[in-house]
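Student: Heads up: the sequence lines are chains A and B, in that order.
So for the first sequence, my numbering puts the first residue at 4; every next one is plus one.
So for the second sequence, my numbering puts the first residue at 356; every next one is plus one.
Derived from the structure by calculation, the hints contain no laboratory data.
We treat Cβ as the ideally placed atom computed from N, Cα and C, and that holds for glycine.
Please note that a few of the clues may not be correct.
To be verified - Straight line, CA to CA, 27 Å or less: simulated DSS-like cross-link-like pairs of lysine-lysine:
#1 A:95 / A:47
#2 A:372 / A:190
#3 A:190 / A:367
#4 B:464 / A:372
#5 A:190 / A:95
#6 B:462 / A:377
#7 B:433 / A:95
#8 A:377 / B:464
#9 A:47 / B:462
#10 B:396 / A:488
#11 B:464 / B:396
As the list claims (entries may be wrong) - So the derived label-pair ranges between C-beta atoms look like this:
#12 B:459 / A:81: 21 to 29 Å
#13 A:499 / B:384: 20 to 28 Å
#14 A:489 / B:384: 48 to 56 Å
#15 B:384 / A:302: 39 to 47 Å
#16 B:464 / A:230: 48 to 56 Å
Each chain is listed here by its residues.
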Amino acid sequence: MTALGTVFLQTTNFTDAAYIVAFMLLIYGMTGLTGPRTAVRGNKIAALGMAIAVVATLLRKGEFNGSGTVWLIILGVAIGTAIGIPAARNVKMTAIPQMVALFNGVGGGAVALIAWVEYRHAFASAGTSVVIPGRAFGLVLFRAASPWPLRVEIFELFGAIVGSISFWGSGIAFGKLQEILPGRPIKLPGRSQSVLNLGLLVIVIASAVALAAGTHSQALFILGILVVSAILGNTIVLPIGGADMPVVISLLNAFTGLSAAATGVALDNPVMIVAGMIVGASGTILTNLMAKAMNRSVPAIVAGGFGGTVAAPAGQAGAAGGTVRSTSAQDVAIQLAYARQVVIAPGYGLAVAQAQHAVRELEKALEAKGVVVKYAIHPVAGRMPGHMNVLLAEADVPYDLLREMDDINPEFGRTDVTLVIGANDVTNPAANTDPGSPIYGMPILEVDKSAAVVVLKRSMASGFAGIDNPLFYEPKTSMLFGDAKASVTDLTAEVRAL
Amino acid sequence: MTPIQFSHVARLVGGASPTPLVIDIAILVLAGFVGYTVISKVPNTLHTPLMSGTNAIHGVVVLGGLILMAESSGWLEKVLLVIAVAFGTINVIGGFLVTDRMLGMFKPKEPPKGEGAEESK
């Protein structure tokens with residue numbers, strides 16, 4: 004490249020223009036995700052935007068100042084690539100929630116580390132350290148003497164806190180999903196958990212105020228901000244039960260995004276701001292959606308370990324309703340083969356049993372007999388938003404057969420047989436009918452409206468929420484006990500034999 | 356505006372003065388609304404790829420690591436930044452790849468015609 008060309012690539016205008024193109028592509032790419040048909044391309048466009056942003060950053064004047072900078076950058080990128088590519092290629096679709104949790108954490112961690120370095124830079128040039136008592140209260144009015152520029156102090160402190168919470172919280176979420184840690188809530192008795200969390204939050208905020216007011220102490224930054232936020236990340240997520248994981252993952256996703264946007268303001272980098280806010284918005288939307296689908300408020304989930312602890316009131320509500328009717332694969336196969344419409348309601352149990360492919364075979368066998376088959380997907384089926392759709396897509400189920408809850412609910416009235424596979428709480432009619440039920444008000448798949456229901460279940464154990472399901476005792480319901488995969492395979496064979 | 360005394364202010368834009376803070380905050384707010392509008396149109400079906408895609412997008416923090424690297428001093432800062440860059444790279448590369456892999460599995464219903472039924476309408 005000519006010298007003139009090099010100079011041009013290093014001008015501010017070039018960098019700014021490239022950044023604008025970059026975030027334009029990021030936004031445009033995300034609009035592709037509005038449908039499965041355009042999504043692959045959308046993702047590639049977003050990736051191109053990111054590549055442009057990285058290249059433009061590397062071309063900046065002075066980017067490679069300092070001894071060894073080139074090699075350090077290459078080292079970092081090489082390590083990231085060496086970990087990222089195999090992880091993305093080899094991860095199983097059932098393990099996607101863990102991976103997303105881990106990736107959230109890693110992003111939050113990067114933000115916290117960057118904030119730390121920014122802190123050191125600000126004070127390296129500050130020279131003397133003067134702590135003026137009382138300044139903390141007049142933060143904005145008196146901050147003229149602070150060695151931090153306003154944008155750095157406020158936004159990097161935010162980034163450090165939220166990034167650190169996200170890193171450690173995601174680590175715990177990963178542990179729970181990977182079943183390294185127990186899925187049940189781990190918490191202090193009574194209200195002491197909330198008191199502890201609140202206390203930690205107060206310490207973090209107090210430290211942030213003191214630092215922003217000009218207290219020059221790296222120890223305070225490390226201990227008061229990074230370490231206490233780390234503890235807070237642990238104590239927030241540990242008490243949350245396995246059933247609430249879709250909410251937790253979404254929330255941490257939002258946190259990481261917001262902290263990245265804050266870093267963008269501190270560094271005056273528009274791509275980081277825009278990208279971070281997109282992620283923040285996405286995480287926020289999904290968090291609310293998941294909380295709604297589980298009939299919970301986000302504050303209640305975060306305030307402390309609901310999931311799995313409400314087992315107490317489950318009691319005998321259903322047991323009084325009668326006995327369950329057990330059936331055989333042969334009977335079910337006849338029921339299915341002579342139905343006009345069959346709806347399959349899969350839950351996470353299906354994924355655990357690795358029965359996705361078997362279900363797809365059953366669907367094909369039924370379609371060959373002229374039966375209309377649809378899948379009813381509850382928003383929290385699986386362990387993260389939309390997880391079940393990916394699992395079924397992996398088994399080659401066409402996405403047009405996957406119906407969202409609001410679309411499929413009116414259809415149950417016209418359905419002859421509904422096959423519930425490894426799902427429990429999301430089909431529990433008590434959510435609609437029993438005001439005393441802990442899940443009352445939760446939107447469910449109204450499978451009990453169909454003419455007959457067949458529940459494939461390993462045993463009579465209750466679901467994640469530990470609540471008995473009156474659906475099982477209804478006269479129109481029959482139970483097919485056994486491993487989901489084996490049962491579905493038997494069903495398929497029986498249907499084909501008819 | 357006070358004279359530029361902080362190294363990082365000068366570095367941002369090759370010596371020119373930085374964007375006023377209020378502009379950056381305006382971008383932040385507007386981007387929030389854009390994000391909200393765009394993401395609310397994503398159907399439930401694609402929420403998992405959306406999340407792994409946003410994993411890739413918040414990998415944008417890698418830019419922060421790249422920007423700060425040149426003026427870092429001392430081994431501690433260099434180590435921190437190498438880790439930050441590695442983390443960001445994991446996000447970007449891993450995130451986009453796994454999203455691509457997942458999205459590739461979503462196929463519409465078609466008249467059955469064996470394998471290789473790729474991207475037809």
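Student: Does each hint fit the structure? Answer for all of them.
Tutor: Structure-based check of each hint:
1. Of the pairs offered as hints, the one joining residue 95 of chain A and residue 47 of chain A holds, with about 21 Å between alpha carbons and a cut-off of 27 Å not exceeded.
2. Among the hinted pairs, residue 372 of chain A with residue 190 of chain A is inconsistent with the structure: their alpha-carbon atoms are about 53 Å apart, more than 27 Å.
3. Proposed proximity of residue 190 of chain A and residue 367 of chain A is contradicted: the alpha carbons are some 47 Å apart, above 27 Å.
4. With a C-alpha separation of about 17 Å, the suggested pairing of residue 464 of chain B with residue 372 of chain A holds against the 27 Å cut-off.
5. Proximity of residue 190 of chain A to residue 95 of chain A is assessed by CA-CA distance (about 31 Å); at most 27 Å being required, the pair is judged violated.
6. Between residue 462 of chain B and residue 377 of chain A, the direct Cα distance comes to roughly 15 Å. Compliance with the 27 Å bound is thereby established for this hinted pair.
7. The hinted pair formed by residue 433 of chain B and residue 95 of chain A fails the criterion: a straight-line CA distance of about 34 Å is larger than 27 Å.
8. Under the criterion of a C-alpha separation no larger than 27 Å, the hint pairing residue 377 of chain A with residue 464 of chain B is consistent with the structure, at around 12 Å.
9. In summary, the hint linking residue 47 of chain A to residue 462 of chain B is supported, as the alpha carbons are separated by about 17 Å, within the 27 Å threshold.
10. Taken as a hint, the residue 396 of chain B and residue 488 of chain A pair is broken in the structure, with Cα atoms around 35 Å apart against an allowance of 27 Å.
11. Under the criterion of a C-alpha separation no larger than 27 Å, the hint pairing residue 464 of chain B with residue 396 of chain B is consistent with the structure, at around 22 Å.
12. Here the CB-CB span from residue 459 of chain B to residue 81 of chain A is close to 27 Å, well matched to the stated 21 to 29 Å.
13. Residue 499 of chain A and residue 384 of chain B have their C-beta atoms about 59 Å apart, which leaves the hinted 20 to 28 Å range violated.
14. Judged by the Cβ atoms, the range 48 to 56 Å given for residue 489 of chain A and residue 384 of chain B holds: they are separated by roughly 55 Å.
15. In this structure the supplied range 39 to 47 Å is violated for residue 384 of chain B paired with residue 302 of chain A, their Cβ-Cβ distance being about 24 Å.
16. Under the hint 48 to 56 Å, the C-beta atoms of residue 464 of chain B and residue 230 of chain A, about 53 Å apart, fit the expected range.
Violation of the numbered hints given earlier is confined to hints 2, 3, 5, 7, 10, 13, 15; the remaining hints are satisfied by the structure.
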